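**Q** The task is simple: from the sequences and hints, build the whole structure.
These protein sequences, in sequence, are chains G and A.
Numbering-wise (our numbering), the first sequence opens with residue 1 and increments by one.
Numbering-wise (our numbering), the second sequence opens with residue 1 and increments by one.
Since the hints were made in silico from the structure, they are not lab data.
Treat the hints loosely; a few may be bogus.
Listing some non-contacts, in silico: residues in chain A with all C-beta distances to chain G over 10 Å [to be verified]:
{"hint": "1", "residue": "Val-19"}
{"hint": "2", "residue": "Phe-64"}
{"hint": "3", "residue": "Leu-86"}
{"hint": "4", "residue": "Trp-87"}
{"hint": "5", "residue": "Glu-105"}
{"hint": "6", "residue": "Gly-138"}
{"hint": "7", "residue": "Ala-150"}
{"hint": "8", "residue": "Ala-151"}
{"hint": "9", "residue": "Asn-152"}
{"hint": "10", "residue": "Glu-161"}
{"hint": "11", "residue": "Leu-174"}
{"hint": "12", "residue": "Gln-208"}
{"hint": "13", "residue": "Glu-241"}
{"hint": "14", "residue": "Glu-251"}
Label pairs and their computed distance ranges (CB to CB) [to be verified]:
{"hint": "15", "chain 1": "A", "residue 1": "Ser-155", "chain 2": "G", "residue 2": "Gln-29", "range": "54 to 64 Å"}
{"hint": "16", "chain 1": "G", "residue 1": "Gln-150", "chain 2": "A", "residue 2": "Ala-197", "range": "33 to 43 Å"}
{"hint": "17", "chain 1": "G", "residue 1": "Lys-381", "chain 2": "A", "residue 2": "Glu-252", "range": "34 to 44 Å"}
{"hint": "18", "chain 1": "A", "residue 1": "Gly-164", "chain 2": "G", "residue 2": "Tyr-250", "range": "50 to 60 Å"}
{"hint": "19", "chain 1": "A", "residue 1": "Pro-109", "chain 2": "G", "residue 2": "Glu-109", "range": "34 to 44 Å"}
{"hint": "20", "chain 1": "A", "residue 1": "Ala-197", "chain 2": "G", "residue 2": "Tyr-250", "range": "26 to 36 Å"}
{"hint": "21", "chain 1": "A", "residue 1": "Leu-250", "chain 2": "G", "residue 2": "Gly-380", "range": "25 to 35 Å"}
{"hint": "22", "chain 1": "A", "residue 1": "Ala-221", "chain 2": "G", "residue 2": "Pro-244", "range": "55 to 65 Å"}
{"hint": "23", "chain 1": "G", "residue 1": "Pro-244", "chain 2": "A", "residue 2": "Gln-149", "range": "44 to 54 Å"}
It should be emphasised that the depicted structure is a prediction, and the values quoted were computed from it without experimental measurement.
Just so it is clear, CB atoms sit at the ideal spot from N, CA and C, and this is done for glycine as well.
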Amino acid sequence: MLQKTSSGLDFLEQLAATGEGDSPLGCMQCGLCSASCPLGHAMEYPPRRLLLRAAAGQLDRLLKSPTLWMCVGCYLCSFRCPRGIELTDGLWPALRDRAMQAGIQPPTELQETFQNLLKYGNVLGKSPRQRLQWADGLDVPVLDLSKQPQPVEVLWIVGDYPSYYPRNQPVARAFARILTALGVRWGVLGTKECALGECDRMFGEEGLFEMLVEKNRQLLQGLQFKMIVVLDPHEFRAIEHYYPRYGMRYPVEHYVTFLANRLPELTARMVRSVEATVTYHDNCCVGRRYQCFDPPRALLGAIPGLKLVEMERNREDSLCCGGGGGGMWLDAHIVAHGGYRLSDERIKMAARTGAQILAVSCPFELSRFEDAAKVTGLEGKVQVRDIVELLAEAMDLVEKESV
Amino acid sequence: MKIAVVIRQVPDLIEPLEVDSTGKALDLSSAAFVLNESDDHALEQALLLKEKHGGSVTVLGIDFGDVDSSLYAAAAKGADQIIKLLWGDPNRTPPPQQAAPMYAEVLRPLGPDLVLVGVQAHDELDGVLPAELAVCLGWPYVGVVRGVQAANGKSLLVCKEFPGAVMAQFEVRLPAVLGILGAEQPPRYVPVSRIRAAMKTASIAEQQVAVPPEAVRVEVARLYPPAPTERAEMLTGSPEEVASRIAALLEEKGLLR
Ligand code: SF4
Ligand code: SF4
Chain G
1 MLQKTSSGLD FLEQLAATGE GDSPLGCMQC GLCSASCPLG HAMEYPPRRL LLRAAAGQLD
61 RLLKSPTLWM CVGCYLCSFR CPRGIELTDG LWPALRDRAM QAGIQPPTEL QETFQNLLKY
121 GNVLGKSPRQ RLQWADGLDV PVLDLSKQPQ PVEVLWIVGD YPSYYPRNQP VARAFARILT
181 ALGVRWGVLG TKECALGECD RMFGEEGLFE MLVEKNRQLL QGLQFKMIVV LDPHEFRAIE
241 HYYPRYGMRY PVEHYVTFLA NRLPELTARM VRSVEATVTY HDNCCVGRRY QCFDPPRALL
301 GAIPGLKLVE MERNREDSLC CGGGGGGMWL DAHIVAHGGY RLSDERIKMA ARTGAQILAV
361 SCPFELSRFE DAAKVTGLEG KVQVRDIVEL LAEAMDLVEK ESV
Chain A
1 MKIAVVIRQV PDLIEPLEVD STGKALDLSS AAFVLNESDD HALEQALLLK EKHGGSVTVL
61 GIDFGDVDSS LYAAAAKGAD QIIKLLWGDP NRTPPPQQAA PMYAEVLRPL GPDLVLVGVQ
121 AHDELDGVLP AELAVCLGWP YVGVVRGVQA ANGKSLLVCK EFPGAVMAQF EVRLPAVLGI
181 LGAEQPPRYV PVSRIRAAMK TASIAEQQVA VPPEAVRVEV ARLYPPAPTE RAEMLTGSPE
241 EVASRIAALL EEKGLLR
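**A** Here it is in structure tokens:
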């Protein structure tokens with residue numbers, strides 16, 4: 001059991017009071033967390049040792065270690081901990097918060113992301129006025145609720161990457177076509193949309209998160225919608241788990257469950273076959289965290305001609321792409337201290353199944369895995385496609401115009 | 001050491017800039033404003049000096065754009081005093097020749113040993129402000145500074161950068177004005193919770209300043225976006241062909257040794 005000093009106890013008690021999971025005071029030092037962690041071998045203080053040192057009141061050492069910025073929020077440690085201790089959403093953000101409050105600087109690449117969120121309300125540092133750029137040339141109407149408020153069924157929060165990032169924009173357009181084809185009455189927040197802010201919360205930048213929550217409170221106030229739909233699993237987590245703490249309770253669905261609930265309507269519209277062997281990467285956030293394993297497979301399985309195969313680590317045991325919880329902006333730090341990028345390992349696993357396509361359902365993963373394919377020499381052998389893109393292909397809703 | 005830092009708000013380059021209907025100025029109504037980057041470095045350098053040698057840091061900014069946020073962020077980082085200069089027109093910033101006497105008016109009674117300003121702003125690349133300010137105060141000035149060391153109570157050792165990465169060290173008598181190009185370390189990140197706390201605890205001192213006559217020495221005749229003269233050359237072909245073309249180009253331009 002943990003040997004606790006008074007200052008260590010103080011920290012752990014504060015942590016227990018956040019109400020994330022069971023009390024960290026119950027840790028029995030079994031080490032399952034550290035052994036499970038995909039970067040545990042490279043951490044100076046893997047999760048078990050973090051708790052041990054924290055309990056011993058040696059926070060100072062921990063806060064200065066590069067370990068502090070190595071967790072990629074994959075939830076594997078929390079998922080496997082026999083004591084139900086929430087390391088991912090509890091311990092890590094608490095330590096990072098302490099560090100930043102003490103003036104310890106997070107890695108510069110991450111600081112830039114924080115600044116972008118603070119200044120522009122998106123992680124990419126893009127002009128808020130160009131939020132609707134993704135819809136350029138789109139052949140279905142986009143209802144901008146910030147300009148024309150009216151009741152809708154679905155408020156779609158498009159997300160930063162799908163709004164701005166060239167590789168993700170076609171996914172956003174495909175999703176818009178699918179929503180329209182399903183006859184859903186949907187709207188977006190247009191140029192007013194602002195990041196929901198999950199990575200900053202995971203990084204202990206609670207003040208930034210709260211600022212984004214406030215912005216979104218003002219945006220959502222007075223709008224009439226039945227539910228929010230998001231493409232980003234992390235944003236799903238933010239609204240589902242954190243927003244209620246600020247008195248904001250909204251029905252929310254990640255697009256995978258939203259579409260899987262409409263499978264018969266989708267299947268009825270599938271007019272083309274996608275002849276390919278496909279393997280699916282379970283993302284950590286809606287996958288492991290929310291145990292959403294069957295809906296993405298149901299969607300893929302419904303596509304005519306598509307053959308679904310499984311990777312060696314799937315469902316609960318999925319290997320993280322390394323982009324979660326802010327890891328997206330820490331590649332240089334993690335490679336420097338961990339020696340490898342998780343996405344490189346993961347795409348090799350995908351290739352070993354013999355699949356031509358690696359299907360994903362998180363906006364970060366397209367670019368992460370496409371980069372990984374280039375680095376590992378798998379470019380041209382394994383294609384990375386979002387489930388939305390594959391569905392749109394089967395429904396003959398692919399881009400007509402050349403964008 | 002008593003240090004004062006001047007910070008400016010400049011148009012944010014992530015938004016497309018537009019020329020207004022006069023054809024002689026930027027359309028400020030369509031621009032967004034941010035803290036000038038080298039002023040952020042000036043602040044960082046001031047905080048580093050304070051941490052090393054003690055003293056205080058006072059930050060001054062003209063009432064414009066998002067100056068309140070920049071001042072509160074400075075307080076959260078460790079500035080002791082934050083001052084906003086009111087000059088009667090919050091919708092624009094005065095040109096540097098006009099701004100310098102305003103800053104000087106506030107600085108004189110404060111009696112700092114050292115004034116740090118970013119050497120340039122991206123709406124003022126020729127770096128007029130810090131030099132004008134030194135003239136107003138009648139103090140020595142060194143610009144394009146990359147590092148500052150306190151030598152003794154009376155002078156400083158500063159590193160000035162020249163083209164071709166040549167560095168020179170100067171000894172500067174205090175009080176002095178320095179135009180900072182870069183601090184010894186990147187400007188620090190301060191968590192938003194600390195900025196929010198500063199908004200509650202720190203208060204911005206507002207100070208009315210006399211507006212000197214606008215001494216127009218140079219008038220803008222026309223402001224326009226640069227017309228593209230040469231188009232980019234797109235390299236096509238197999239990776240090998242593209243790679244050898246890049247290598248040839250680098251050699252042609254004298255970039256390979
Ligand atoms: S798995 Fe849980 S109980 Fe075991 S060491 Fe980790 S935190 Fe402690
Ligand atoms: S969440 Fe994942 S990366 Fe972070 S400590 Fe736990 S197992 Fe490791």
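**Q** It remains to establish, for every hint, whether it holds in the given structure.
**A** Taking the hints in turn, this is what the structure says about them:
Look at Val-19/A: its CB is around 18 Å from the nearest CB on chain G, clear of 10 Å, so calling it non-interface holds up. Every C-beta of chain G lies more than 10 Å from that of Phe-64/A, the closest at about 17 Å, which supports listing it as non-interface. The Cβ of Leu-86/A lies farther than 10 Å from every Cβ of chain G, with a closest approach of about 25 Å, so its non-interface assignment holds. Annotated as non-interface, Trp-87/A keeps its C-beta farther than 10 Å from every C-beta of chain G; the closest such distance is 26 Å.
Glu-105/A, annotated as away from the interface, keeps every beta carbon of chain G farther than 10 Å; the closest lies near 31 Å. Its beta-carbon lying about 37 Å from the closest one in chain G, Gly-138/A satisfies the requirement of being farther than 10 Å from that chain. Look at Ala-150/A: its CB is around 22 Å from the nearest CB on chain G, clear of 10 Å, so calling it non-interface holds up. With a cut of 10 Å on Cβ distances, Ala-151/A stays outside the contact zone with chain G, its closest approach being about 27 Å.
Every CB of chain G lies more than 10 Å from the CB of Asn-152/A, the least distance being 29 Å, so the non-interface label holds. In this structure Glu-161/A is separated from chain G by more than 10 Å, as the shortest Cβ-Cβ distance comes to about 21 Å. Listed as a non-interface residue, Leu-174/A keeps its Cβ farther than 10 Å from every Cβ of chain G; the least gap is roughly 28 Å. Every CB of chain G lies more than 10 Å from the CB of Gln-208/A, the least distance being 30 Å, so the non-interface label holds.
At roughly 18 Å from the closest C-beta of chain G, the C-beta of Glu-241/A stays outside 10 Å, upholding its exclusion from the interface. Every Cβ of chain G is farther than 10 Å from the Cβ of Glu-251/A; the closest lies at roughly 26 Å, confirming the non-interface assignment. Remark: the range hint 54 to 64 Å for Ser-155/A to Gln-29/G is upheld by a beta-carbon distance near 58 Å. Evaluation of the 33 to 43 Å hint for Gln-150/G and Ala-197/A yields a pass: the beta carbon distance comes to about 40 Å.
Between Lys-381/G and Glu-252/A the Cβ separation comes to about 36 Å, which falls inside the hinted range of 34 to 44 Å. The given range of 50 to 60 Å is respected by Gly-164/A and Tyr-250/G, whose C-beta atoms sit roughly 59 Å from each other. Remark: the range hint 34 to 44 Å for Pro-109/A to Glu-109/G is upheld by a beta-carbon distance near 43 Å. For Ala-197/A and Tyr-250/G, the Cβ-Cβ distance of about 29 Å falls inside the hinted range of 26 to 36 Å, so the restraint holds.
Between Leu-250/A and Gly-380/G the beta carbon distance is about 27 Å. The supplied range of 25 to 35 Å therefore holds. Taken as a hint, the range 55 to 65 Å holds for the pair Ala-221/A and Pro-244/G, whose Cβ atoms sit roughly 59 Å apart. For Pro-244/G and Gln-149/A, the Cβ-Cβ distance of about 53 Å falls inside the hinted range of 44 to 54 Å, so the restraint holds.
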